[in-house]
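Please model the complete structure; the sequences and the hints are all you need to start from.
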Amino acid sequence: GAGVSQSPRYKVAKRGQDVALRCDPISGHVSLFWYQQALGQGPEFLTYFQNEAQLDKSGLPSDRFFAERPEGSVSTLKIQRTQQEDSAVYLCASSLFGVAATNEKLFFGSGTQLSVL
Amino acid sequence: DQQVKQNSPSLSVQEGRISILNCDYTNSMFDYFLWYKKYPAEGPTFLISISSIKDKNEDGRFTVFLNKSAKHLSLHIVPSQPGDSAVYFCAVRQGGSEKLVFGKGTKLTVNP
Chain A
1 GAGVSQSPRY
11 KVAKRGQDVA
21 LRCDPISGHV
31 SLFWYQQALG
41 QGPEFLTYFQ
51 NEAQLDKSGL
61 PSDRFFAERP
71 EGSVSTLKIQ
81 RTQQEDSAVY
91 LCASSLFGVA
101 ATNEKLFFGS
111 GTQLSVL
Chain B
118 DQQVKQNSPS
128 LSVQEGRISI
138 LNCDYTNSMF
148 DYFLWYKKYP
158 AEGPTFLISI
168 SSIKDKNEDG
178 RFTVFLNKSA
188 KHLSLHIVPS
198 QPGDSAVYFC
208 AVRQGGSEKL
218 VFGKGTKLTV
228 NP
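The listed protein sequences correspond, in order, to chains A and B.
Going by our numbering, the first residue of the first sequence is number 1, and it counts up by one from there.
Going by our numbering, the first residue of the second sequence is number 118, and it counts up by one from there.
Be aware that a few hints might be false.
[To be verified] Looking from chain B toward chain A, a few residues come up when the C-beta cut is under 7 Å (computed):
{"no.": "1", "residue": "E159"}
{"no.": "2", "residue": "G160"}
{"no.": "3", "residue": "F163"}
{"no.": "4", "residue": "F206"}
{"no.": "5", "residue": "E215"}
{"no.": "6", "residue": "K216"}
{"no.": "7", "residue": "F219"}
{"no.": "8", "residue": "G220"}
{"no.": "9", "residue": "K221"}
{"no.": "10", "residue": "G222"}
[Stated by the list, open to error] DSBU-like mimics (lysine-lysine), calculated; alpha carbons at most 35 Å apart, straight line:
{"no.": "11", "chain 1": "B", "residue 1": "K122", "chain 2": "A", "residue 2": "K11"}
{"no.": "12", "chain 1": "A", "residue 1": "K11", "chain 2": "A", "residue 2": "K105"}
{"no.": "13", "chain 1": "A", "residue 1": "K11", "chain 2": "B", "residue 2": "K221"}
{"no.": "14", "chain 1": "A", "residue 1": "K57", "chain 2": "B", "residue 2": "K122"}
What the hints contain is simulated information worked out from the structure, not anything from laboratory work.
Built from N, CA and C at the ideal position, the CB exists for glycine as well.
Right under this line is the structure:
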């Protein structure tokens, strides 16, 4: 596709429910990122993949959060036993290579807005 | 504690005038600085960036200034247009890291 695609666009979950958020990066992009944006805040880093390898997961808030990218393209962010504080917009971004070596820009998707009731 | 601060939550300017958005950071190890623009219900889009080896970068109506000694950067938009109305995020990166650290954003409104 032309850009980063995320689904679903909105997700309402009951507290304690598991959710899965999907990201389709730009075709051929090696690097994929997940960010969490709470209301009134800037995006906060969650995790980073280079191809299928998860190279940094230091931003994941707890072990209830899990991300995967098994074939180096589509990625899924899974949140188990959701809590109200998980309510946020979850943004996925991709870049052709990595930003560190080449100062490439990130292309963001429109995000998934998660509301936990 | 916040590593990147955008102290003005909002800014309102008249069409045709200059918009100046400010950003302060705390860590002198940050070496790459970016501005992203975000419209409602969309993801952030890259606007302009600057490396720590420069103090100014210009792209059309947008100019970013970097003052390393003050750990301060600013985005100038001249002339401002109503279509520039959006939330602007400052983001910084430390050399060798893939992470971007974002500020909380400044909502710019350009009035016709």
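(message) The hint names F219 of chain B as touching chain A; please verify it with the least Cβ-Cβ distance against 7 Å.
(response) Result: holds, 3 Å to nearest chain A Cβ.
(request) Go through the hint on F206 of chain B and say holds or violated, using the shortest Cβ distance to chain A against 7 Å. (result) 5 Å, holds
(message) Can you confirm whether the C-alpha distance between K11 of chain A and K105 of chain A stays at or below 35 Å?
(response) 28 Å, holds
(request) Return the status of the interface hint for E159 of chain B: holds when the least beta-carbon distance to chain A is below 7 Å, violated otherwise. (result) 5 Å, holds
(request) Using 7 Å as the Cβ threshold, decide whether G222 of chain B counts as touching chain A. (result) The hint holds - G222 of chain B has a Cβ within 7 Å of chain A, the shortest such distance being about 6 Å.
(request) Please work out if K11 of chain A and K221 of chain B have their alpha carbons no farther apart than 35 Å. (result) 24 Å, holds
(request) Classify the hint on K221 of chain B as holds or violated, based on whether any CB of chain A lies nearer than 7 Å to its CB. (result) With a minimum Cβ separation of about 5 Å from chain A (threshold 7 Å), the hint on K221 of chain B holds.
(message) Does E215 of chain B hold up as a contact with chain A if the rule is Cβ-Cβ below 7 Å?
(response) 5 Å, holds
(request) Using 7 Å as the Cβ threshold, decide whether G160 of chain B counts as touching chain A. (result) 3 Å, holds
(request) Double-check K216 of chain B for me: the hint is only fine if its C-beta lies closer than 7 Å to a C-beta in chain A. (result) 4 Å, holds
(request) Mind checking the alpha carbons of K122 of chain B and K11 of chain A for me, to see if they're no more than 35 Å apart? (result) Since the Cα atoms of K122 of chain B and K11 of chain A sit roughly 30 Å apart, the hinted pair holds (cutoff 35 Å).
(request) Against chain A, run the beta carbon of F163 of chain B and see if the smallest gap drops under 7 Å. (result) 4 Å, holds
The structure meets every hint from the earlier list without exception.
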